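Peer 1: Please model the entire structure based on the sequences and the hints provided.
Going line by line, the protein sequences match chains A and B.
Everything in the first sequence is counted per the numbering used here, starting at 11 for the first residue and increasing by one.
Everything in the second sequence is counted per the numbering used here, starting at 2 for the first residue and increasing by one.
Source of the hints: derived by calculation from the structure; they are not laboratory data.
Fair warning: this is a prediction, and the values are worked out from it, not measured in the lab.
Ideal placement from N, C-alpha and C gives every residue a C-beta, glycine not left out.
A portion of the hints provided could be inaccurate.
[Claimed, not checked] Quick list of simulated restraints, FRET-style, between CB atoms: (1) Lys228(A) - Val39(B): 22 to 32 Å; (2) Thr112(A) - Val39(B): 30 to 40 Å; (3) Glu64(A) - Arg26(B): 51 to 61 Å; (4) Arg286(A) - Arg26(B): 55 to 65 Å.
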Amino acid sequence: MSRSANGSSLYVLILSVLLLFVGVRPSPATNFTYETAKVDPNDLSFYQPPMTAEPYPLTSATKVRNVIFCIGDGMGINTVALAGTKVGGPGGKLHIERLPITGLMRTYSANSRVTDSAAAGTALACGVKTKNGMIGMTPEETGYITILEAAQAKGMATGLVVTCTMSHATPASFGSHVKSRKLEPAIAEQLVANRINILLGGGRKYFLPQSDPNSGRKDNVDVLAQAQEVGYTYVDALAGLRAARGSHVLGLFQFDALKTAGPEPTLAQMTQQAIRLLRQASRESNRTKSGFFLMVEGSQIDWECHSNKVNGAIRQTLLFDQAVEAAVDFALKDGHTLVIVTADHETGGVTLIGGGDEDKPDPELGVRWSTKGHSGGPVAIWALGPGAARFSGVQENTDIPRKIAQLLGIRPFPRPLK
Amino acid sequence: MKDGRTILRVDATYHLLVQAGDAVRQGQHIQKVPDTSVPSVAPVSGTIESVQFDPTNHEFVIAIASAC
Numbered sequence: 011m012s013r014s015a016n017g018s019s020l021y022v023l024i025l026s027v028l029l030l031f032v033g034v035r036p037s038p039a040t041n042f043t044y045e046t047a048k049v050d051p052n053d054l055s056f057y058q059p060p061m062t063a064e065p066y067p068l069t070s071a072t073k074v075r076n077v078i079f080c081i082g083d084g085m086g087i088n089t090v091a092l093a094g095t096k097v098g099g100p101g102g103k104l105h106i107e108r109l110p111i112t113g114l115m116r117t118y119s120a121n122s123r124v125t126d127s128a129a130a131g132t133a134l135a136c137g138v139k140t141k142n143g144m145i146g147m148t149p150e151e152t153g154y155i156t157i158l159e160a161a162q163a164k165g166m167a168t169g170l171v172v173t174c175t176m177s178h179a180t181p182a183s184f185g186s187h188v189k190s191r192k193l194e195p196a197i198a199e200q201l202v203a204n205r206i207n208i209l210l211g212g213g214r215k216y217f218l219p220q221s222d223p224n225s226g227r228k229d230n231v232d233v234l235a236q237a238q239e240v241g242y243t244y245v246d247a248l249a250g251l252r253a254a255r256g257s258h259v260l261g262l263f264q265f266d267a268l269k270t271a272g273p274e275p276t277l278a279q280m281t282q283q284a285i286r287l288l289r290q291a292s293r294e295s296n297r298t299k300s301g302f303f304l305m306v307e308g309s310q311i312d313w314e315c316h317s318n319k320v321n322g323a324i325r326q327t328l329l330f331d332q333a334v335e336a337a338v339d340f341a342l343k344d345g346h347t348l349v350i351v352t353a354d355h356e357t358g359g360v361t362l363i364g365g366g367d368e369d370k371p372d373p374e375l376g377v378r379w380s381t382k383g384h385s386g387g388p389v390a391i392w393a394l395g396p397g398a399a400r401f402s403g404v405q406e407n408t409d410i411p412r413k414i415a416q417l418l419g420i421r422p423f424p425r426p427l428k
Numbered sequence: 002m003k004d005g006r007t008i009l010r011v012d013a014t015y016h017l018l019v020q021a022g023d024a025v026r027q028g029q030h031i032q033k034v035p036d037t038s039v040p041s042v043a044p045v046s047g048t049i050e051s052v053q054f055d056p057t058n059h060e061f062v063i064a065i066a067s068a069c
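Peer 2: This is how it looks when you write it as structure tokens:
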């Protein structure tokens with residue numbers, strides 16, 4: 011039943027007063043929905059599964075020049091298995107699963123058995139545990155250098171590629187230090203101030219001053235203008251990204267998170283372009299062949315799992331797998347690139363109970379969700395390239411950047427910010 | 002409150018104890034929060050109308066239709 015404009019306004023006013031009375035923050039439903047891809051979630055024609063289930067080759071090389079760190083947000087082992095089953099039957103494998111070294115990683119945070127992406131990202135970036143919600147610092151608010159910052163200090167080119175806002179928890183953990191993941195405007199400023207070479211993703215709204223109607227800021231800081239003043243090339247479409255040159259490129263393809271559908275670039279395309287640009291930046295730096303560090307996140311696997319959407323989770327996992335394939339393609343040709351693939355935590359408590367569950371939307375796959383939140387179990391880690399064997403076995407999430415630092419000759423690590 | 006709806010936001014990290022269609026009482030725990038975090042409780046009595054995920058804030062947005 012429709013309401014008149016006046017009636018609707020009165021309704022909202024009364025509701026707002028009542029909500030304030032009970033002490034709950036009113037939140038119009040239209041303020042939080044994100045635009046999912048306008049595609050058929052069952053259409054997986056964009057994805058090319060591996061031609062073989064054989065593992066990628068091990069390498070005898072020992073020198074690590076480049077690191078590509080791929081993180082599937084919320085991507086549990088069963089989520090990967092689910093996606094592999096969807097595209098290849100019960101024995102189907104993703105590109106991720108062809109990486110030759112496999113291990114397990116524990117994910118708990120400093121204050122909870124169930125981590126969030128901020129604490130998990132901080133562990134994966136800084137090598138220290140922190141409280142859920144905190145970015146790049148310990149529970150006592152001591153900032154710790156991230157593996158990206160340490161690589162940069164060593165002379166390596168650096169990059170972040172995501173499908174969420176550029177200032178969301180995981181990328182923020184690699185390039186900023188704040189008390190709360192909610193401080194996205196401040197995180198955007200820090201990412202640019204840190205002169206990370208390549209920043210590709212969504213979240214343009216946090217780079218625009220509040221005078222812009224699409225801004226997500228509450229101040230007049232124009233981070234986009236600041237970035238361009240210090241030398242960033244700014245792009246907002248795939249064509250511009252492909253044509254981009256220079257040591258610093260900022261690509262923001264949506265005001266909010268990416269929609270993960272055309273015409274914006276896919277995560278795999280962003281990964282390919284980031285590698286191209288980082289190689290150029292690496293060559294043009296003062297130190298020849300200084301290498302690069304790139305973090306790639308499949309950000310929206312987590313989001314689909316929070317909504318317990320089977321087909322959405324599969325689609326986002328396959329989009330992430332495409333990006334991993336792009337990273338592996340480069341690494342195999344290069345011979346001195348370490349590729350690490352893992353998750354920050356599991357989301358949804360995915361259980362594969364087999365077929366025959368006619369009450370579920372996808373009876374063929376037989377998926378059960380045990381929660382809409384995160385779960386606290388370990389996640390898988392895969393690795394390829396020089397040094398990959400160090401990531402086998404069962405390890406803490408804080409071990410990952412420590413091992414990367416060892417392989418890159420960065421020491422001491424972890425260490426507080428100066 | 003007649004025909005009213007209360008919107009509650011809680012951290013999406015943790016497991017919800019309620020789902021759409023459930024009846025809740027004021028003060029009832031609606032989320033299982035492990036370890037040291039503060040539990041979330043229903044601010045009013047009523048029926049859970051919907052639970053949606055807000056990725057920007059990484060929160061569940063829970064709509065409760067208040068009991069008369």
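Peer 1: Could one say that the CB atoms of Glu64(A) and Arg26(B) fall in the range 51 to 61 Å?
Peer 2: 57 Å, holds
Peer 1: Measuring from beta carbon to beta carbon, are Lys228(A) and Val39(B) in 22 to 32 Å?
Peer 2: 26 Å, holds
Peer 1: Arg286(A) and Arg26(B), beta-carbon distance inside 55 to 65 Å?
Peer 2: For Arg286(A) and Arg26(B) the Cβ distance comes to about 58 Å; the hint holds.
Peer 1: If you check the beta carbons of Thr112(A) and Val39(B), does the distance land in 30 to 40 Å?
Peer 2: 38 Å, holds
Violated hints for the displayed structure: none, as all numbered hints are satisfied.
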